[in-house]
Amino acid sequence: DVKVTQSSRYLVKRTGEKVFLECVQDMDHENMFWYRQDPGLGLRLIYFSYDVKMKEKGDIPEGYSVSREKKERFSLILESASTNQTSMYLCASSEDREPNYGYTFGSGTRLTVV
Amino acid sequence: GEDVEQSLFLSVREGDSSVINCTYTDSSSTYLYWYKQEPGAGLQLLTYIFSNMDMKQDQRLTVLLNKKDKHLSLRIADTQTGDSAIYFCAETSGGSYIPTFGRGTSLIVHP
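Listed in order, the protein sequences are those of chains X and V. If you read the first sequence in the working numbering, its first letter stands for residue 1, the second for the next number, and so on. If you read the second sequence in the working numbering, its first letter stands for residue 1001, the second for the next number, and so on.
Quick caveat, the hints were computed from the structure, so don't treat them as lab data. Misleading hints may appear alongside valid ones.
[To be verified] The following residues of chain V were derived to be distant from chain X, with all beta-carbon distances above 12 Å:
1. GLN1006
2. THR1025
3. ASP1026
4. GLY1040
5. THR1047
6. MET1055
7. THR1100
8. VAL1109
[Stated by the list, open to error] In silico BS3-like cross-links for lysine-lysine, where the CA-CA straight-line distance does not exceed 30 Å:
9. X:LYS57 to V:LYS1056
10. V:LYS1068 to V:LYS1056
11. X:LYS57 to X:LYS13
12. V:LYS1036 to V:LYS1056
13. X:LYS71 to V:LYS1068
14. X:LYS13 to V:LYS1036
15. V:LYS1068 to X:LYS3
16. V:LYS1036 to X:LYS55
17. X:LYS18 to X:LYS57
18. X:LYS3 to V:LYS1056
19. X:LYS3 to X:LYS18
20. V:LYS1070 to X:LYS71
Built from N, CA and C at the ideal position, the CB exists for glycine as well.
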């Protein structure tokens, strides 16, 4: 019954590495989102996508990029990882329709940059 | 920008009712949601309410919406240790599908 799958639960990378976080959903949702979650700061939106090959910046896009080549897959890319990108990363998807029944989240990827 | 506020912690005794409160500032909110996050996991949608509703009940969960005061609450009846988690309030408005999240309330259930 898995619906939004993030490829890794835990990841440790070195400063300066290029990091790919993968997210796949099997619900044919149009919208996909990447958030990071930090203690005391809640959820912050990094990037989102309403359609294939389409992307929009969220509140904190600096240091990140995304790719959506297929409807079901939305990748978050850290071009050159830094220690301040150590965080929990959450992918989510939702339908593009009214009424809107909210997000389905993945289990999260806890990334540590050393 | 628009804001969603929640208290950070709530501690209750097992078997009691829990009430988690949320206030929001956007008067054009259309949908309001409660999500639950268990330790080390992603968020799970618990329930939602449309802005034209005052109350929604789903088993042990009761959601109350006071639009005049822009106040949303989640009541969990007969709280169990398995209910210990972080609960996030969220709202969408103006045709946007991107919710504004509160910072979450950590519910601690003790024996």
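Output the numbers, in ascending order, of every earlier hint that fails for this structure.
Numbers 1, 4, 5, 7, 9, 13, 15 and 20, in rising order.
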